[in-house]
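Kindly generate the complete structure, drawing on both the sequences and the hints.
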Amino acid sequence: MTFDPQQLQDVLVIVVTAATPLLIAAVGELVAERSGVLNLGVEGMMIVGAATGFAAAYSTDSTLVGVAAGIIAGMILAGIFAFLTLGLATNQVASGLALTILGRGVANLIGAGFVGLKRTAAPHLYIPGLSDIPLVGKLVFGEDFFVYFALILTGATAYWLMRTRSGLTLRAIGDNHSSGHSLGVPVRRIRLLAVLFGGACAGLAGSYLSLAYTPFWSPDMTAGRGWIALALVVFASWRPWRAFAGALLFGGVTVLQLVFQTWGVPIAPQFLASLPYLTTIAVLVVLSIRDIRGAAAPASLGISFIPDR
Amino acid sequence: MRIDLEARPKRSTLREILSPVAALIVAIAIGGVAVAIMGRSTLTAFDVYFVEPLSQFYSLQAIAVKASPLILIAVGLAFCYRANLWNIGAEGQFIAGGALGGWLGLVTHDGAYQAIGGWWILPAMMLLGIIGGALYAMVPAVLRVWLNVSEILTSLMLVYVAQLCLDWLVRGPWKDPHGFNFPVTVNFDPEATLPILFEGGTLHLGVLFAPIVVIVAAIIFAKTIFGFQVRLAGSSPKAARFGGFDDKRIALAAFAISGGLAGLAGVAEVSGKIGQVLTTISPGYGFSAIIVAFLGRLSPVGIFIGGLVLAITFVGGEDAQIALQLPGDLTLAFQGVLLICVLAADVLARYRLRVRLGGAS
Amino acid sequence: MAQSDATNEGHGAATPLLAVRNITKRFGTFTANDHVNLDLAQGEVHALLGENGAGKSTLVKMLYGILAPTEGEILWMGAPIRLPNPNAARALGIGMVFQHFSLFENLTVAENIALVMPSSQKLDDVPDKIAEISRAYGMGLEPSRPVWTLSAGERQRIEIARCLLQDPKVLILDEPTSVLTPQEAEKLFETLERLKAEGRALLYISHHLEEVQRLCDRATILRLGKMVGTCNPRVETPRSLAALMVGSEIKEIRPAGAHELGPERLIVANLSLPSPELHGVALKNVSASVKGGEIFGVAGVAGNGQSEFFAALSGETLARSPNAIVIDGSPVGTFGIGARRALNAGFVPEERNGHAAAPDFTLSDNIVLSGHASGGMTRAGFINAALAKEKSRNVIASFDVRAAAPDPLARTLSGGNLQKFVVGREILRGPSVLVINQPTWGVDVAAAATIRQALLDLCAKGAAVLIISQDLDELFEICDRIAVIHTGELSAPLPARSTTREEVGLLMAGMGGADHAH
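Residue numbers (our numbering), protein chains in the order written: chain A, 1 to 309; chain B, 1001 to 1361; chain C, 2001 to 2518.
By construction, these hints were calculated from the structure, which means they are not laboratory data. Where is the CB? At the ideal position from N, CA and C, for every residue including glycine. Hints may be right or wrong, so weigh each one.
Per label pair, the in silico range of CB-to-CB distance [what the hints assert, rightly or not]:
no., chain 1, residue 1, chain 2, residue 2, range
1, B, Pro1190, A, Thr120, 54 to 64 angstroms
2, C, Glu2073, A, Ile152, 24 to 34 angstroms
3, C, Phe2030, A, Ile152, 46 to 56 angstroms
4, A, Gly79, B, Leu1043, 26 to 36 angstroms
5, B, Pro1190, C, Pro2406, 56 to 66 angstroms
6, B, Val1051, A, Arg165, 53 to 63 angstroms
7, C, Gly2381, B, Phe1182, 44 to 54 angstroms
Partial pick of chain C residues on the chain B-facing surface, computed with a CB cut under 7 angstroms [unchecked claim]:
no., residue
8, Glu2316
9, Gly2336
10, Gly2338
11, Leu2369
12, His2372
13, Gly2381
14, Ile2383
Stretch by stretch, here's where chain B covers chain A in the computed footprint (C-beta under 8 angstroms, at least three residues) [said to hold, decoys possible]:
no., stretch
15, 51-63
16, 80-92
Printed below as a string of structure tokens:
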């Protein structure tokens, strides 16, 4: 086996591609959780985003329309979740599960007519000269536009959360919704917006899978990525840039199986395929050993809020 | 717009019993609209989904065979959910039980190890199924109890792992060497197959597990100190510790029961319905059972009824695929809608809803 | 009762700054405020007096826009106004200091304050503004400290600074001294006098009558949601004010009478425990001993390790060495609560709902909660429900627990009645050692008297009773000896009869005798 630096760049490009949907979904969920809402329906919103995004893009022959449709679909599901957990104060865990089950069914219905169809992948950035630099050009200047958007999204979210007044308000109600309510902060309205943002991100992450990553639709194509994104938020201690690092780690694990396969390492493909899931568990375990009291979690995460008036 | 919830001054048992029924009616109405949008007759679809399965002896048996694993798993989940533990990996525990129990069926194939007769194989398989499911559930339980790792994520991740492991086993070491390279194992001996209850039917002995488990669980919840502990630990964990109950032991026990029942359902499915081990042994029972658990309001008797209702949608959904060319995923979507309606109805049974226009909080 | 016209004129304002006319607030079938009237003039300190549950907090929440009145109106300088939310109240110039603080533990002081500043305020300038006001009023606030690291007194100063930064005309203070040491309260009064001198109107909620007499120009008294009247507290006596609040003469508590102290029944020796929770308090080398027939009081400002101490005594948190806690001669430091109950110890934690009792369980189920291991309550794993019901009826009858049904859910009981139930549940078991945390917190006067009497009677029978309480009046009323807990350390006990409140107050502030000297 000889080492080819060009091959390394190709591998890294795949790592980034695998990390992108995880990052986008995780940043969305991170904002929702910072406001105090635990939406376990990421997987459901993502798969609906993937199906809707592909269906719309295929029908209109426009990737942008597909992306928009994916985002809207994710937001619609998030809206249902918000109605349940914020309007009716239902249990957030159970409602998130319901959203995942519903999402799987709806996505397969939407995508039923599109199984086996293919589109060209979303366009990649190409800057003559820069993108052709050996070893790094493709990695830095030749990704598809989702990748750059994900990075901007992460940076913008980090800045907004920590440096702006509305970000502060969001963090505050995630820490203590009762205090927020007695100060006149519109707790449920802010949480609604945060949940919708999470839905939009999950929908976008889903449409990335079907429009850029594969690019086709197949049932259950998210394969637990929504759940991994949830674990990423924990991994990131609810901080956007750490989610970026975590996404790269998980992207790397996903790619590991491809690398092993091409190198012909004699390990059953099923075990390689289960690596991301086992890694998720391992990472959660390591995190909890390091920080057994869960210090970073927003204090009112997952707790229903029923205001008096 | 703002929605206000006003706690109802009194609890009404009637309202609490009727709320899942109302949820079911609303979910069926939503499903009807969806069917109409797809250009089929709502009435015909209703007939195919909910009436025909109940009017034929053959499909009644199919309902019982499908309801049985749903009920077993959901009763187990009720122990976890009542204790406020979110085991959502019953699908994986089902597979683990089916695989470990099924393993005994495979090694005793063709009369092997049956010198003392084959009477011991079925009980041992069932026991292995329970052990397999319970052990698999111990992973998230132990991580949760000792390291405070979210059991939601770990139990779910282990579903994917279980599915992949089973896939590997059946395509690899367990593959029938004379199976023309199909990913299937050998068929179990009759000694390793749960007997059919009566000639020509599909009802197997495993179907009887569900009502027995429901009765035992109902007694445990209502009458025993263990059931009291489980309910208390979920409802007021601090009060439970004040009562001197060991929350860690309760959590481990709830997970063990939950996993064990899912494993029993798994081995009963393998031994009773399938008769061999396949790469996929569950059409998502572990996830549908979550809906059953909530539809039954986490009470064993309610779960029994809820399991039958969901089994009807499974059987009706299969019929609808053939009779109306409706996609099979409609059933899955319907189940999601149903769970959402159940959760909403549960709130409305306890609170009065006031919707006001303008203003937000 | 003296009418208040004279005092009103004294402030020379024809139209009050803020007025409440016939205001009523209902929650479902429960009427929290029933046609209440109130005037607040510029430069006056107006007390709002009443027992727990009289409707004081409901009234001020309406004045701050958190709750909406069902009927009646609020007038601002004579004109009717609607307050859809607290922002509207703040915009008018109404500020509020909450009893249980409306702070965010994991945010910094600056962030907590910036949240309610008008949006024109730049976030980066907030720390300077805080420093400014902190200097002006001598508050000593550090803008970058996270709130969870601060004491109750410091937290209250954040709340006050947050109001003052908006230059309010009316400041509402809900039970501001309940979490302060006597010395911290003194400092608060100075600030309040100053605010009054600046011409602001203060609405001061309290049930500490001496405080009200000292600070307030007028007092409005609420009882069971209805207005009893308005008076000048300075011409009343604490006794007459209390009678107005409670509506009847208060029952005197019979002292335990002379009795011999028995042997040491509860001994705590060098108990040290790390904090079990993220923002909790570690116990440091705590020692105490309680004899039979003695009531031992533990005073302290909230959040100084009281609940951690209780958990260590009850066995909900285990000590490292068995000898750290000894009950009737048995070392039990490493035994759980069940084993300690088996030695005939009883425990009543602070929180009624969710700790002492499970709110969604019936009262008889709550008997099982703490009594399941004794007296044939369970057999072969099955619960003897009939026995539990019988015991529950006993507690209800002996402690005058008022409930709407024979075996209601615990959460349907009022605070006072549920507290009588959880105290009665333990006392009727006839414990030889009883540990009780905040026995009458948030309980009406009559129920508090019943509970204190029961504790005295229990100790007269030879039991050792350890009371943890924030209420100094209560401790001085019934305790034989008082020790003070501060940041997880317990002072040496002082005899209650020959100790002053000031001495205890200094200990509560962490200034023991030695530090006090210089």
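Verification of the hints:
1. B:Pro1190 <-> A:Thr120: 54 to 64 angstroms: holds (56 angstroms)
2. C:Glu2073 <-> A:Ile152: 24 to 34 angstroms: Violated - the Cβ-Cβ distance for Glu2073 (chain C) and Ile152 (chain A), about 51 angstroms, lies outside 24 to 34 angstroms.
3. C:Phe2030 <-> A:Ile152: 46 to 56 angstroms: For Phe2030 (chain C) and Ile152 (chain A) the Cβ distance comes to about 52 angstroms; the hint holds.
4. A:Gly79 <-> B:Leu1043: 26 to 36 angstroms: holds (31 angstroms)
5. B:Pro1190 <-> C:Pro2406: 56 to 66 angstroms: The hint (56 to 66 angstroms, Cβ to Cβ) holds, given that Pro1190 (chain B) and Pro2406 (chain C) are roughly 58 angstroms apart.
6. B:Val1051 <-> A:Arg165: 53 to 63 angstroms: At 59 angstroms between Cβs, range holds.
7. C:Gly2381 <-> B:Phe1182: 44 to 54 angstroms: Holds: the Cβ-Cβ distance is about 49 angstroms, inside 44 to 54 angstroms.
8. Glu2316: Holds, because the Cβ-Cβ distance from Glu2316 (chain C) to chain B comes to roughly 5 angstroms (cut-off 7 angstroms).
9. Gly2336: Gly2336 (chain C) check passes; min Cβ-Cβ to chain B is 6 angstroms, inside 7 angstroms.
10. Gly2338: holds (3 angstroms)
11. Leu2369: This hint holds: Leu2369 (chain C) lies near chain B, its Cβ roughly 4 angstroms from the closest one there, short of 7 angstroms.
12. His2372: Interface hint status for His2372 (chain C): holds (6 angstroms vs cutoff 7 angstroms).
13. Gly2381: Holds - the Cβ of Gly2381 (chain C) comes within 7 angstroms of chain B, reaching about 5 angstroms at its closest.
14. Ile2383: holds (6 angstroms)
15. 51-63: violated (count 0)
16. 80-92: holds (count 7)
When the structure is compared with the earlier hints, violations turn up for hints 2 and 15 and for no others.
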